[in-house]
Amino acid sequence: MTSLDGYAQIFMERNQIQYDKDKMAKRALNYRKRANEIILDVFEAKNGCKMEDPPFGKLIMGSYNYKSTDELDFDKSFYHLDFTDTDSIGVSITNTKHGISMMIIEARGDDDKNYINNAELQTELASMLGVSNIVVSDWYWRDREHVVVTIQNIEYIIDPNHLNDFDYEQKYKEFKEKVNEHNKEIQLENRYEDER
Amino acid sequence: MDLNNLVEEKDVKDLQKEEKKFKFSLKRTLLGIFSVLLLWSTKPNIEYAITKLEADNNSYIARILNDTSLSREEQISQIYQTALMENHKISEDLKKRLMDAFTTEVIAYAGCFFTDEIIKNMYAVVKTEDIREMYKFEKEYGWWDGNYISFSNSISIDSMYADKTLLAHEQMHAILKDGLFGSGLIHGIHGYGINEGATVSFVKSDHSYSFQNRTFDLLGLVLGYKDIFQTYTNSNLSELMQILSQYIPPQEAKELILLLDRDVFRRICTNIYGKKSNSI
Numbered sequence: 000m001t002s003l004d005g006y007a008q009i010f011m012e013r014n015q016i017q018y019d020k021d022k023m024a025k026r027a028l029n030y031r032k033r034a035n036e037i038i039l040d041v042f043e044a045k046n047g048c049k050m051e052d053p054p055f056g057k058l059i060m061g062s063y064n065y066k067s068t069d070e071l072d073f074d075k076s077f078y079h080l081d082f083t084d085t086d087s088i089g090v091s092i093t094n095t096k097h098g099i100s101m102m103i104i105e106a107r108g109d110d111d112k113n114y115i116n117n118a119e120l121q122t123e124l125a126s127m128l129g130v131s132n133i134v135v136s137d138w139y140w141r142d143r144e145h146v147v148v149t150i151q152n153i154e155y156i157i158d159p160n161h162l163n164d165f166d167y168e169q170k171y172k173e174f175k176e177k178v179n180e181h182n183k184e185i186q187l188e189n190r191y192e193d194e195r
Numbered sequence: 000m001d002l003n004n005l006v007e008e009k010d011v012k013d014l015q016k017e018e019k020k021f022k023f024s025l026k027r028t029l030l031g032i033f034s035v036l037l038l039w040s041t042k043p044n045i046e047y048a049i050t051k052l053e054a055d056n057n058s059y060i061a062r063i064l065n066d067t068s069l070s071r072e073e074q075i076s077q078i079y080q081t082a083l084m085e086n087h088k089i090s091e092d093l094k095k096r097l098m099d100a101f102t103t104e105v106i107a108y109a110g111c112f113f114t115d116e117i118i119k120n121m122y123a124v125v126k127t128e129d130i131r132e133m134y135k136f137e138k139e140y141g142w143w144d145g146n147y148i149s150f151s152n153s154i155s156i157d158s159m160y161a162d163k164t165l166l167a168h169e170q171m172h173a174i175l176k177d178g179l180f181g182s183g184l185i186h187g188i189h190g191y192g193i194n195e196g197a198t199v200s201f202v203k204s205d206h207s208y209s210f211q212n213r214t215f216d217l218l219g220l221v222l223g224y225k226d227i228f229q230t231y232t233n234s235n236l237s238e239l240m241q242i243l244s245q246y247i248p249p250q251e252a253k254e255l256i257l258l259l260d261r262d263v264f265r266r267i268c269t270n271i272y273g274k275k276s277n278s279i
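Sequences listed follow chains Z and B, in order.
Numbering-wise, numbering that gives the first Met the number 0 puts 6 at position 7 of the first sequence, and it's gapless, one number per residue.
Numbering-wise, numbering that gives the first Met the number 0 puts 170 at position 171 of the second sequence, and it's gapless, one number per residue.
Think of the hints as simulated: they come from the structure by calculation, not from any bench.
If you're wondering where the values come from, they're calculated on a predicted model, not measured in any experiment.
Careful: at least some of the hints might be erroneous.
[Unchecked claim] Listed next, the in silico DSS-like pairs over lysine-lysine satisfying Cα-Cα at most 27 Å (straight line): (1) 32/Z with 135/B; (2) 45/Z with 253/B; (3) 138/B with 94/B; (4) 32/Z with 225/B; (5) 138/B with 203/B; (6) 26/B with 42/B; (7) 163/B with 94/B; (8) 22/B with 12/B; (9) 225/B with 253/B; (10) 135/B with 45/Z; (11) 45/Z with 32/Z; (12) 9/B with 42/B.
[Stated by the list, open to error] Pairwise CB distance ranges, derived in the manner of DEER restraints: (13) 29/Z with 137/B: 46 to 56 Å; (14) 26/Z with 80/B: 18 to 28 Å; (15) 25/B with 29/Z: 55 to 65 Å; (16) 248/B with 29/Z: 52 to 62 Å; (17) 29/Z with 162/B: 27 to 37 Å; (18) 29/Z with 136/B: 24 to 34 Å; (19) 62/B with 29/Z: 48 to 58 Å; (20) 26/Z with 151/B: 27 to 37 Å.
Note that beta-carbon positions come from the ideal geometry of N, C-alpha and C, so glycine has one too.
Excised from the complex, chain Z in its bound form (with noise of 0.2 Å):
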């Protein structure tokens, strides 16, 4: 075998490579929406109303991968991120070891009181955040490394310790320049990738 043709085996092998990674990207894509297309059919029928109705507003998930590594370069796209003309936007961002995963809910509606407004959800937040009662509850991804973002004037208590002097509105516009420079990345390496 020449050097030519180990080059070209190599230039084979990776365009296969390229496109199974494609292919395992796709699918990881799909597994992930099915699955939350599952808990969106959990919360409705559990809350006995559709998503896109107000006061319960419209829950979008997203998985965010803001430093990825090479084991997660499959997982980097994500299948919705939105925040253009919301009303309210509660975002959950977990600090991963492989860059941000978060959650985004959404509430459309003009009153923020009925954000959640199923006394049992309310209940069972209130028990979860160790508080007495939640005037107006957030979603909330557990006690970790994470910050809950309310934008707007929503009064809601979870422990003061873990979030007293948090700055929502300053974290929320930090959060959005991530998420553009990621965009950013995300259409420069697909330039790149094009360009190859």
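Fit chain B to the known structure of chain Z by using the hints.
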């Protein structure tokens, strides 16, 4: 019939007898070896089962669990430490690391979800478990850095990457060992994904299995953490399916569990393929 023929016939008979004897002794030896091997391989589980019985009737454990001056976390911590000290298979260094990992990552974080039964099971597992280095094949082709093997009651780790999160994660798998909870999340391939996702939820700094963990967390968020966590600590997948089936068709509930499993295997396949491609 002459004398020669008679002698020959006797020789043949003797030979046949010898052959029969040999076959019998061979069978007996093989059976013996097989029995010893079987006994040897089930030894860890026998040890565990005996210790579990002992734990159920252990006055020290009962005293700690009934001591109202101790918090739940303190109770678990004391029993865990005792079990670890009584373990003769694990090195002192590893014991220290395990103690630190499990206390900070699991007990302080999720100890409140531990029932008495889990604590007793934890005692039995920890007292008899073993920790070994991962096989070379696993290191080369596996994307995991550690695992717990229920059959041999042993945790295998890649010591290069065995940080406290990994140790706590595997220890968490171990303490929910089967035998106590019956079949469910821990068993077999079905439910593998949700089991991993749930385990991550119980280990403070663990961020592995992000999709599986997020799904488990979402289920907790929507359906109530208490019930969902209980299905995990009970290792009862069918209980989880029943809860889900109250809201969606059972087929859809099954599909959700399967999606999480598939995603794990996708990662395994991708990783094996990726590692092969690196060696081009």
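Evaluated hints:
{"no.": "1", "hint": "32/Z with 135/B", "in the structure": "violated (36 Å)"}
{"no.": "2", "hint": "45/Z with 253/B", "in the structure": "holds (18 Å)"}
{"no.": "3", "hint": "138/B with 94/B", "in the structure": "holds (23 Å)"}
{"no.": "4", "hint": "32/Z with 225/B", "in the structure": "holds (26 Å)"}
{"no.": "5", "hint": "138/B with 203/B", "in the structure": "holds (25 Å)"}
{"no.": "6", "hint": "26/B with 42/B", "in the structure": "holds (23 Å)"}
{"no.": "7", "hint": "163/B with 94/B", "in the structure": "holds (12 Å)"}
{"no.": "8", "hint": "22/B with 12/B", "in the structure": "holds (15 Å)"}
{"no.": "9", "hint": "225/B with 253/B", "in the structure": "holds (21 Å)"}
{"no.": "10", "hint": "135/B with 45/Z", "in the structure": "violated (48 Å)"}
{"no.": "11", "hint": "45/Z with 32/Z", "in the structure": "holds (20 Å)"}
{"no.": "12", "hint": "9/B with 42/B", "in the structure": "violated (48 Å)"}
{"no.": "13", "hint": "29/Z with 137/B: 46 to 56 Å", "in the structure": "violated (29 Å)"}
{"no.": "14", "hint": "26/Z with 80/B: 18 to 28 Å", "in the structure": "violated (45 Å)"}
{"no.": "15", "hint": "25/B with 29/Z: 55 to 65 Å", "in the structure": "holds (56 Å)"}
{"no.": "16", "hint": "248/B with 29/Z: 52 to 62 Å", "in the structure": "violated (20 Å)"}
{"no.": "17", "hint": "29/Z with 162/B: 27 to 37 Å", "in the structure": "holds (33 Å)"}
{"no.": "18", "hint": "29/Z with 136/B: 24 to 34 Å", "in the structure": "holds (31 Å)"}
{"no.": "19", "hint": "62/B with 29/Z: 48 to 58 Å", "in the structure": "holds (54 Å)"}
{"no.": "20", "hint": "26/Z with 151/B: 27 to 37 Å", "in the structure": "holds (33 Å)"}
Checked against the numbered hints above, the structure violates hints 1, 10, 12, 13, 14 and 16; every other hint is satisfied.
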